[in-house]
Amino acid sequence: MKEKIALIFGNNAYASEIKKNLFEEYETIRIFTLKQERKTQEEKGDGEYFDLSDDWSELTERYDMQNSIAFCALEDDANNIFLCISLRASFEHLKIIALSSDKESAHKMEMAGATKVIPLVQTTADIIVDMLEKPITTHVLHNILYGKGNLKIAQIKVEDNNYFEGKYPSDIEWSRDHGVLVLSIMDEEMNSEFIYSSQAKHHPIKNGDIFVVVGYERDIEDFDKLIRSIE
Amino acid sequence: MFKRLIVDFFYFLQTSRSYQKTRRFFYNFLENDSYPHKKYFDAFMMMLIFISVATLIREVKHDIDARLLFFNYYIISLIFFTEYILRLWVTSSVSEIVIRHYENDSMLGKKLNLLATFYEVLRVKLRYILSIKAIIDLLAILPFFHQLRLLRIFILFRVFKLFRYARSFQILTSVFSAKKFEFITLFIFASIVIIISSILVYVMEAMNPASPINTLFEAFYWSIVTIATVGYGDIVPVTDGGRIVAIIVITAGIAVLAFTTSLVVSAFNEKLDEIRETKIVNNISSTKKYYIVCGYESIAQEVVKKLLNSKMEVLILDEDEERINQAKKAGYAALNFDPGSVESYKKLQLDLNTQVKAILCLRENDVENVYTALTIRSLSKEVYILSLVMQEINKKKLTYAGVNEILYSKELIGMVTREFVGQPVAFEVIHALRSEFTNINIEEIFISNHVLENFVYVKDLMSSMYRVVLLGVYKKKLERFFFNPIDSTILEEGDYLLVIGNSYFIQEFTKYLNKR
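These protein sequence lines are chains A and B, in that order. Counting along the first sequence from 1, when you hit position 59 you're at 78 in our numbering, and nothing is skipped either side. Counting along the second sequence from 1, when you hit position 280 you're at 335 in our numbering, and nothing is skipped either side.
Bear in mind the hints are in silico, worked out from the structure with no lab data behind them. All the pointers check out, no bait thrown in.
As a list, the in silico DSS-like pairs of lysine-lysine whose alpha-carbon atoms are at most 25 Å apart:
{"hint": "1", "chain 1": "B", "residue 1": "K360", "chain 2": "B", "residue 2": "K412"}
{"hint": "2", "chain 1": "A", "residue 1": "K135", "chain 2": "B", "residue 2": "K360"}
{"hint": "3", "chain 1": "A", "residue 1": "K39", "chain 2": "B", "residue 2": "K452"}
{"hint": "4", "chain 1": "A", "residue 1": "K122", "chain 2": "B", "residue 2": "K366"}
{"hint": "5", "chain 1": "A", "residue 1": "K167", "chain 2": "B", "residue 2": "K530"}
{"hint": "6", "chain 1": "A", "residue 1": "K153", "chain 2": "B", "residue 2": "K344"}
Selected chain A positions facing chain B (Cβ under 10 Å, derived; list incomplete):
{"hint": "7", "residue": "Y33"}
{"hint": "8", "residue": "K114"}
{"hint": "9", "residue": "D145"}
{"hint": "10", "residue": "V148"}
{"hint": "11", "residue": "N169"}
{"hint": "12", "residue": "Q174"}
{"hint": "13", "residue": "R195"}
{"hint": "14", "residue": "V199"}
{"hint": "15", "residue": "Y235"}
{"hint": "16", "residue": "D238"}
Beta carbons: idealized from backbone N, C-alpha and C, even for Gly.
The following block holds chain A by itself, in its conformation from the complex (with noise of 0.2 Å):
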């Protein structure tokens, strides 16, 4: 069976962010380098070089692509864009992560074929914003996503499960009888509704729903048993 890869398409600090990020996810990661930014690489020493032109092909032989994913994270908004349409011509459900400088270029990589693109300027101004003015609500969601705390978020995919099916999600004590709050719910089509919502309200539980839950690790490893699965 071929094993799945991360790509990391740039030389710069951002690349290396994402690559610390990555161990524990992807066994193999590999690093490559624009030719045309060769000489800061030879001064790292690491990754490979590659050309926009280049031709992908070899990764299909050697990788499960399908559960792969890359990170376009060139210097250049151009460049990132150009590299996330070749991509998405060779492989059509890699999961392409741009990074871009503006919203811009953000919208010209989500049609290149981008599966997530982060607009890093937006990003770091809805950081600094949030920490000014729900500076609480920023630091216990930041704890809870990155796991610096007892409090984690998860997702629990429903699977064959008679104990929730046909419920309405307000018809169940979530805090009280699990000690869990349930956030949102995703059905099969995709659809993401939180929970408050009055769609998700007139929505019954059904299997292959999946739950992003918040709670203590033991509650949500006890919550998942009652349901079986976790993500």
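Mind docking chain B on chain A? Use the hints.
Positioned in the frame of chain A, the structure of chain B alone reads:
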């Protein structure tokens, strides 16, 4: 003995708290433009001036109520007189002069030279008395002696006092004084033309019986009317010589007018930025909570936009003129001040501890951010500073510079990608919660004493009734967040509730908590 008494008396004044407090009180009202309550005093004085002038106009053809006349001539004059004396008192300190002289003399082993001291006091006070503003103030008091009809006209001098109270008048004065040299040159040129043409036209016309110009005054009047391009036509030269003079004066008049217009326009243009700056500084000093953003590069631009969307007050400081112009074009309060200079904050007349919510060092340059942070820390130990760091290695330097929160954007982006890779749905949910574009939000509700009057335990909150979910309670004393708190958790002042729900329901829930 007499000298000793004088020195003791002034030392007493200088050290007396109540005396200094009173003096400071009047100084603030009369002279300190940054004093927030001065504007009320100024408005009151302006109202007196308008009453005074309106009475003068009405009095020309109508009978005026005796009480109003009494108020106009005596009460207003008395108020102006009191103001004049108070200004004379607060503009310079006699006790400071006496003590300085005494200390200087005693250091040199001499006795206090009373005459020299008296001379300096007189000189300082006279300098004030002879200033144009003080003269206008004095003339505005003269209508008190209204029995002398001529002195009534001095009420008009009260109009000039408006210059003191209205800031826009002060700006106008500063605009003209900036071009003082050019205006003087123009005045001299116009005066020479007027004098020569008056004499010339008088010489040409006075001997002609058909000419309306018979006296030098008439010639002078004609010259001024002509050079000002007014041309009433009541007096016109009839001789050829007189008409030639008229041609010269008319030509000179056009030049004078064009020159004056261009002078005024250029003076305003040059001062425009300064006028805007003064306006921004005045607005800031009267506002309670400001965010100061140092630097206006890409991240700062986004932060400013978002803070303004959340109805926050923001002031941008950047030493780069181009970036500041960009901020000004976007309609933001921006000043071309160096955020790394102590002088900039002094000019702002801000109390960093009470008037500033946070200072954000958002230059995309670590050296600049460290420098700015140190400057701010040298002025205030308490103000909250948040700074960007571009290279991880410089994080520690910013901590040493006294920054409260350091943001290394690359690290944050790395963490964001990890979460996205690990749990994409959870990631999107959390981000949607924080986003302003969804109806479902996460909000912090402050527990005040007022809330505690009705709600003591978590079970009392009944959040589910309002269809909001209590994520947890942040206990201020313990500096800890309690997720999904049990019903018997006690609420205390300063705690925060973290609730999730539809923004409208959260609003209703907050109202319910704060009900009377």
